[in-house]
Amino acid sequence: MKTHGLLDASGAGALEFAWLIDATAPVSEYGAHIFAGLQPYRPGEESFAHARAHRIASTAAHLDTPKLDALRDVMRNMPDANGAIALASMGESLGDVAFLELQRFCDAVVRVDALTAGVAGIEPVANVATRNVARELERGRTGKFAFYLSDAFDPSLQTARTRLAAATAEFDAVRGRAVEAIARQLGRDDISGEEFIVMRTDLPATLPLGVRVLREAATYVLCALEFDEATQAALQRRDAAADAVAAAEEAVRVHLSGIVRSHAAGLDAAATALGELDVLVAAARFTSSYGCTVARIVAEPTLAFTSGRFLPLARELETQGRTFTPIDVTLHDVAVLTGPNMGGKSVCLRTCGFIALCAAFGLPVPATTAQSGLFDEIGWLGIGSDAERPGGLLSSFAKEVVRLRELLERATGRLFVLVDEFARTTTPHEGKALIVALLEVLRDRGACGLIATHLAGVANAAGVRHFAVRGLRGISQAPPTGDLQAALTALAASMDYTIALVSDDGAARSDALALAALLGLDAGLIASAYEHLK
Amino acid sequence: MRVGAAILDLVRADGTARIFIVGTGKNVGKTVTMRAVYEAACDAGLRVGLMSIGRDGEAVDVSDATPKPRLRFRPGTVIATARNVLPRFPALEMLGLSSLATAAGTIVYARVAQSAFYELVGPPTASGVREAAAVLSEHTDLTIVDGAVDRLAAVAGGGDDSSIVVASGAAAGGTVREAVDGVRALVERLRIERFDPAAEAVRIDGALTPAMAARLIAQHEQRQIVVRDPTQIALTGKAASHAFSRLRLRCERPLRVVAATVASISQQHSFEPRELARAVVDATGLPTFDVYVGERAR
Numbered sequence: 061m062k063t064h065g066l067l068d069a070s071g072a073g074a075l076e077f078a079w080l081i082d083a084t085a086p087v088s089e090y091g092a093h094i095f096a097g098l099q100p101y102r103p104g105e106e107s108f109a110h111a112r113a114h115r116i117a118s119t120a121a122h123l124d125t126p127k128l129d130a131l132r133d134v135m136r137n138m139p140d141a142n143g144a145i146a147l148a149s150m151g152e153s154l155g156d157v158a159f160l161e162l163q164r165f166c167d168a169v170v171r172v173d174a175l176t177a178g179v180a181g182i183e184p185v186a187n188v189a190t191r192n193v194a195r196e197l198e199r200g201r202t203g204k205f206a207f208y209l210s211d212a213f214d215p216s217l218q219t220a221r222t223r224l225a226a227a228t229a230e231f232d233a234v235r236g237r238a239v240e241a242i243a244r245q246l247g248r249d250d251i252s253g254e255e256f257i258v259m260r261t262d263l264p265a266t267l268p269l270g271v272r273v274l275r276e277a278a279t280y281v282l283c284a285l286e287f288d289e290a291t292q293a294a295l296q297r298r299d300a301a302a303d304a305v306a307a308a309e310e311a312v313r314v315h316l317s318g319i320v321r322s323h324a325a326g327l328d329a330a331a332t333a334l335g336e337l338d339v340l341v342a343a344a345r346f347t348s349s350y351g352c353t354v355a356r357i358v359a360e361p362t363l364a365f366t367s368g369r370f371l372p373l374a375r376e377l378e379t380q381g382r383t384f385t386p387i388d389v390t391l392h393d394v395a396v397l398t399g400p401n402m403g404g405k406s407v408c409l410r411t412c413g414f415i416a417l418c419a420a421f422g423l424p425v426p427a428t429t430a431q432s433g434l435f436d437e438i439g440w441l442g443i444g445s446d447a448e449r450p451g452g453l454l455s456s457f458a459k460e461v462v463r464l465r466e467l468l469e470r471a472t473g474r475l476f477v478l479v480d481e482f483a484r485t486t487t488p489h490e491g492k493a494l495i496v497a498l499l500e501v502l503r504d505r506g507a508c509g510l511i512a513t514h515l516a517g518v519a520n521a522a523g524v525r526h527f528a529v530r531g532l533r534g535i536s537q538a539p540p541t542g543d544l545q546a547a548l549t550a551l552a553a554s555m556d557y558t559i560a561l562v563s564d565d566g567a568a569r570s571d572a573l574a575l576a577a578l579l580g581l582d583a584g585l586i587a588s589a590y591e592h593l594k
Numbered sequence: 003m004r005v006g007a008a009i010l011d012l013v014r015a016d017g018t019a020r021i022f023i024v025g026t027g028k029n030v031g032k033t034v035t036m037r038a039v040y041e042a043a044c045d046a047g048l049r050v051g052l053m054s055i056g057r058d059g060e061a062v063d064v065s066d067a068t069p070k071p072r073l074r075f076r077p078g079t080v081i082a083t084a085r086n087v088l089p090r091f092p093a094l095e096m097l098g099l100s101s102l103a104t105a106a107g108t109i110v111y112a113r114v115a116q117s118a119f120y121e122l123v124g125p126p127t128a129s130g131v132r133e134a135a136a137v138l139s140e141h142t143d144l145t146i147v148d149g150a151v152d153r154l155a156a157v158a159g160g161g162d163d164s165s166i167v168v169a170s171g172a173a174a175g176g177t178v179r180e181a182v183d184g185v186r187a188l189v190e191r192l193r194i195e196r197f198d199p200a201a202e203a204v205r206i207d208g209a210l211t212p213a214m215a216a217r218l219i220a221q222h223e224q225r226q227i228v229v230r231d232p233t234q235i236a237l238t239g240k241a242a243s244h245a246f247s248r249l250r251l252r253c254e255r256p257l258r259v260v261a262a263t264v265a266s267i268s269q270q271h272s273f274e275p276r277e278l279a280r281a282v283v284d285a286t287g288l289p290t291f292d293v294y295v296g297e298r299a300r
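These protein sequences, in sequence, are chains G and Z. For the record, in the first sequence the residue sitting at position 177 is 237 according to our numbering, with numbers rising by one throughout. For the record, in the second sequence the residue sitting at position 57 is 59 according to our numbering, with numbers rising by one throughout.
Hints listed in this document are in silico derivations from the structure and should not be mistaken for laboratory results. Since the structure is predicted, the reported quantities are computational estimates derived from the model, not experimental observations. We put the CB at the ideal spot given by N, CA and C, even for glycine. Some hints could be false.
[To be verified] A few chain Z residues that face chain G, going by a derived Cβ cut-off under 10 Å, partial list only:
#1 M3
#2 R4
#3 D11
#4 L88
#5 P92
#6 L94
#7 L99
#8 A103
#9 A106
#10 D198
#11 I267
#12 E274
#13 L288
#14 P289
#15 V293
#16 E297
[To be verified] Negatives, chain G to chain Z, calculated, CB over 12 Å:
#17 A117
#18 P126
#19 A186
#20 A225
#21 S252
#22 M259
#23 T279
#24 R297
#25 D303
#26 A306
#27 T366
#28 E376
#29 S455
#30 K459
#31 T549
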C-alpha cells in the first residue's frame, strides 16, 4: 500500500500511515505482493472506492472473528509456491521441496475455500489446475502433511528401489564382514569413520590386509580402511543400482513438473486469488476489530462523519485505560477550527485526515456514519510535520512558509488540506492576515479542509465556517502531588473534546491559564497572569 | 570399546533427548563424535534427528579447503538442513518447511528414505537453531546437534532436556597444554553451578564481559555473580580461568556437560593420543573418549 502522492512524508507521519499499513497488512507472500501494489483511488473513481469498502464490510459481516483469524492462520502458514510454479513454467524439473510446497499450497486452497464457502462475494479459489495438481501429488502424500516421491508414482521406481535395497544390503554385508575381521585382528570392538588410530602397543606384527597407513608416529599409527576386491565389486553393483533409482526418480519428477507446467496459468490465477483474498480478509479484520463503517464516497470534495476516531491514538489511549472521545465533523470547503490548548484540535485534524485516507484506499472508516470525497492530495502543514524539526538556517516560521509554498505549488488537483496552527510563531496580527489570505486562496481553489488556530476573528475575516472544540467544563484543582499523569487524567475528565459549529467568532478561548495552573505552575504567577488579563 | 555407544549411555543416563556437540575450535572432531553417537543411537533402535550449527558433511571445507568427514545417514533419520544442499538423489520424505533462512536456502525437515551422504547446513541464529531442534524433537527420540563454540548461545535454549559433549583436539592448540587450557576454560564455563537463592548475588543483565569481570575482581567482589546461563560468560582462555578462580560465577539455568572427546590428529600437527586424553580428564574431570583410538581415557 503506497501513497502515490496522496500524502507527503509529513502527512504520512502526522496521519500515522505506517500504522494503517500494519493494521491492514495481509499475512501471506501472495497477499504481500498485491498489497504492495495498492494505490489510493483518485477523483472519478468513487464507485470503485465505494465498491471495495462495501466488499470488505460485507466480508467482515459474513465472517466472524474466529473465521477471519482461521483464514489468516491458513494463509500465514501457506508456503510461497510462486517460485515452483515459475520454474516449472520455464521447463525446469522441480525438486521434492517444491512438490511439498505445491501440495501444501493446494491443501491451503481447499481449507480456504471451506472457510469461505457460502460467503457472498467470495468466489472459490480452487480451479481445475489446483485440483489436477493436488490429485497428482496426492500419491506422494505421507502422513498428513509430508511428501515423498513414492513408489506409487511409477512401478519402475519400485523395481529400481528394490534392486538398490538388495545391492545395498549386499555391500553392507560384504563391507561389514571385512571391517569386522580387521577390527577383530586389531583387538577392537569396531572401527568407525574413514580414519582411525592404532596404538603401537596394540599393533599386531603385521597390519591386517585392507588397512592403509596414513601417518606413523612414535606411539601410534594413523590408518584408513581400503576396499578389497569383493567389496569394490559390491560397491559397483550398489552404485549401478543407485543410478537406476536416480534415473527413475528423475523421470517421475519430470512427469510431475510437466503437469505443473501445463497448469501454471491456473496455479498462478489461484495464487493471485489467494493474495486478493488475504488482502480482503486483512481489511475485513481491521473493519471488525475497529468497528469501521462504509463511507458514502461522493463526487464532491467534502468530508463528513459522526463519531469519528483517530485509531492510532484511540489504540494508544486504550492501552493506558483511557478512552478516545469520538467527534462529529462536516466539511464541504475550508473552515476554521479553534479551541483550548490540549482540547484536541490536532487530533481533530488527524481524525479528518485519517478518515479521508481510509476512504481513499477503499477501506471502511472509523466512524458511525461517513461521507467522503476523493482527493489528489491530503496536505498536512504544521505541528508534527517536518516544518517542526529543529536546526538548519530557517526559523520555524520560515520552514512553515517553505512547506506551504511547496504544497500550493504542488497541489494542482483536488486538495484536502489540514493546517495546524500555521504562523503561530510570528506576530498575531500578521499571522492572522496570512491565515485569512491562505483561506481565501484555498477557497478559490475549491479545496476542502480545516485550519486550526488560536487567533480570533479569522473565520469572519475570511468568510468561512468556524468550528470549535467545546473545551473545559470547569477545571479541577491541580493535584496536590504535582503528578503530571494525575493532572492529565483530571484534564481529560474536565475536557469536552467534541466539535461544534459556532457563530461567535470573537476572542478564542484557550483556557491557557487554567491549564497552566492544573499542570502545577506557581499559583502566584498564575494569579498575576489573571490580573494582567483584566 | 564402542565410543559412540559409551557416550550415548552417558546421555541416556542423564535422561535427556538432545545432545549438543560443541568444540573448542574447528577440526577438533565434532562431526566424528556426532557420527559415532549417531551410529550407536541407530544401532540402539532410536529414531534420530540431526542438524548442524554451521555446515557439515561436505567433502571439503568451503572456508579452508580441508577435507571434512562425510555424513552417511540411514533410512528413518530425520534431518534439518538447507533446501539447496539436499541431494537430488536419493529422494527424501519431505516433512516440513520453515522460514529460517540460510545462505543455502531455507531450512527444511526431511526423513532419509535411502542410505546416502548428506550435508547439514544449520540456521544462522541461536533462536533458529532452537526452533529447528524443537521440530526435530517432534519426530525423533534423540536429536543430535553438531555445534561450534562461537554459537554457544544456541545451547542455552536446550535447557534441562539437553546434554553437551565437548570436543577438543590438536587443531585447537599448538601444544597439548594450549589445547587443554582451551577445553578446561570451555568446560568450566559451561558447568558453572546454579546460583544459591539464599545467598547474596550480583545479577548481570546480558553478557559478563572481560571489562565487567576485571572490575568485579578489582573490587574483590565476594558475592555470587549470576548470569542467565553459562553462554552469557563472554570470557575465554586465560581470562576465563582467571575469572573463575577469583569470582563466584553462577547461573540461573545450568547446562549439563556429560563427556569430552579428543582428536589428537590435525592437518598441522599431532599429539600423543593418550597423553592428550589423560590431560583432558585431569583438566575437566569428564569422562573423556578418543574417537579415533576408540577408547576411554583412564
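Please write out, lowest number first, the hints stated earlier that are contradicted by the structure.
-> As far as the earlier hints go, 3, 8, 9, 10, 13, 14, 20, 21, 22, 23, 25 and 26 are violated by this structure, in ascending order.
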